[in-house]
Every structure is written in C-alpha cells, then in structure tokens.
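Student: These are the residues of each chain, in order.
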Amino acid sequence: DVKVTQSSRYLVKRTGEKVFLECVQDMDHENMFWYRQDPGLGLRLIYFSYDVKMKEKGDIPEGYSVSREKKERFSLILESASTNQTSMYLCASSLPTGRTYEQYFGPGTRLTVT
Amino acid sequence: GNSVTQMEGPVTLSEEAFLTINCTYTATGYPSLFWYVQYPGEGLQLLLKATKADDKGSNKGFEATYRKETTSFHLEKGSVQVSDSAVYFCALSLDNQGGKLIFGQGTELSVKP
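Protein chains in written order, with my numbering: chain A, 1 to 114; chain B, 1001 to 1113.
Some clues are possibly wrong.
[Said to hold, decoys possible] DEER-style ranges, computed between Cβ atoms:
id: 1; chain 1: B; residue 1: P1010; chain 2: A; residue 2: R110; range: 26 to 36 Å
id: 2; chain 1: A; residue 1: T15; chain 2: B; residue 2: T1020; range: 36 to 46 Å
id: 3; chain 1: B; residue 1: K1068; chain 2: A; residue 2: T97; range: 30 to 40 Å
[To be verified] From the derived model, a few chain A residues whose C-beta atoms are all more than 12 Å from chain B:
id: 4; residue: K13
id: 5; residue: G16
id: 6; residue: H29
id: 7; residue: D51
id: 8; residue: E62
id: 9; residue: G63
id: 10; residue: S65
id: 11; residue: K70
Everything labelled a hint here was simulated from the structure, so no lab data went into it.
Quick caveat: nothing in here was measured; it's all calculated off a predicted structure.
Note that the Cβ used here is the ideal one computed from N, Cα and C, for glycine as well.
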C-alpha cells in the first residue's frame, strides 16, 4: 500500500515563528503536493513539485515556501506564521494511471497559530 | 477558469436512504473527474473516477457518470449506511498538469441510524 506520512497530526505555534511541515511518501512518486483545507473552501493548492529540487506555485503560495531535496520528502515552510494560516494542511503524492493521475493523501496536520 | 461546484451541505439522511450529491464543473479542455472521501480524522481517499464522457465510475456502492453535455459528475448511492458519514469532494484534473487537482468545497454527509 502507498503510504504518505506527515510529521505531526496537531501543531500549535506562535505568531512569527518559522514552521516546518514534513511529508514523506514511500512509493517513489515523482509528483508531490501541499494543500490547505478550510471549511467551505475545499482544498486549495499551495505548492507542488514534479521532481527533486523542482517546485511550482499553486493557487495560494503567499506566506509559504517549500523544499524538495529528496524524492520522497516534500516540506512546507511557513516563514513567519500568522493567525490566518491556522488550517488543516494535507500533503499528497501522485502516480500516473493511464491518462490521468491518482493522488494519495496523508492524514493531515492541523496547525493552530496563536 | 477551471472550477468545481458542489451542492452545499451538510446533508443529513436516514440509513438506507438514496443519496445524490451534485457536482458541476467548468474546464478549459477535457478534464478527468474524481470523487474523494474524507472520513473523520483522516486524509482524503479516492472513491471513484472517470476520464471520458459517458464513463461511469463506481466503488463501494457509489456511482457517478461523466456528463459532458451538462458538465456534471453527480455522486449517487442507492442505500446509504452510517459508515458512509464523511465529507465528499468532487475534483477535476487536466492533461499535462501532473495530476494537479481542482476541488469543490466539499459536502458533509451525516447518516443517522
């Protein structure tokens, strides 16, 4: 079974702190994604990566950066956490299946910024 | 632009009731369509998918048919169970975008015994 793990299920940080969210997948997938999930807004793409050291902005990249030094690991960084970044963060990796891709999600990290 | 619109929730049903969750999309190009499910406290899981017009995706008693003429992908189940209580997300992806998904806002389903 594909496994996508995230470093923490729950995290509480203070405004202004630098926050690292880690994601690891064990199936050698090339593509990895970070989303945030908010009630009534669904999932919104923050950043994605097609390969090691490659990254592209998603729909809401402001206030975030990412790092992909190894294929299996994709990190989301909040440079200076703010209260409006309180959210559920979901990592995913994807595998091509025919014409399309199937995404596999981690369990999520619920981040609270106080 | 590309977008997905789902019916608003929460939806509350009694066990064995018929379920429909509406999903419509707007896309430049020919999307693949998906339904994902999120059980309480968990990440998202793929429930079903369809990659071309008139395809029917099905899994665990759930079905959805890709309707190009109405740009819709409505989720249906004939008889829901308490264990189906979850949040359901409709999503699309476009070719040559590495599997990037565009999600609807999610519909929370609560099934009462």
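Student: Could you run down the list of hints and mark each one as holding or not?
Tutor: We went through each hint and held it up to the structure:
The hint said 26 to 36 Å for the Cβ distance between B/P1010 and A/R110, and at roughly 20 Å that hint is violated. About 43 Å separates the C-beta atoms of A/T15 and B/T1020, a value consistent with the hinted range of 36 to 46 Å. In this structure, B/K1068 and A/T97 break the distance hint of 30 to 40 Å, their C-beta atoms being roughly 21 Å apart. The claim that A/K13 lies off the interface holds: its Cβ sits roughly 21 Å from the closest Cβ of chain B, which is beyond the 12 Å cut-off.
A cut-off of 12 Å between C-beta atoms confirms that A/G16 is not in contact with chain B; the least separation is 29 Å. Residue-level check failed: A/H29 sits 9 Å from the nearest beta carbon of chain B, not beyond 12 Å. Taking the minimum C-beta to C-beta distance to chain B, about 10 Å, the non-interface status of A/D51 is violated against the 12 Å cut. For A/E62, the non-interface assignment is confirmed: its Cβ lies about 18 Å from the closest Cβ of chain B, beyond the 12 Å cut-off.
Taking the minimum C-beta to C-beta distance to chain B, about 20 Å, the non-interface status of A/G63 holds against the 12 Å cut. Against the 12 Å criterion, A/S65 stays outside the reach of chain B, whose nearest CB is about 19 Å from its own CB. No beta-carbon of chain B comes within 12 Å of the beta-carbon of A/K70; the shortest separation is about 18 Å.
Checked against the numbered hints given earlier, the structure breaks hints 1, 3, 6, 7 and satisfies all the rest.
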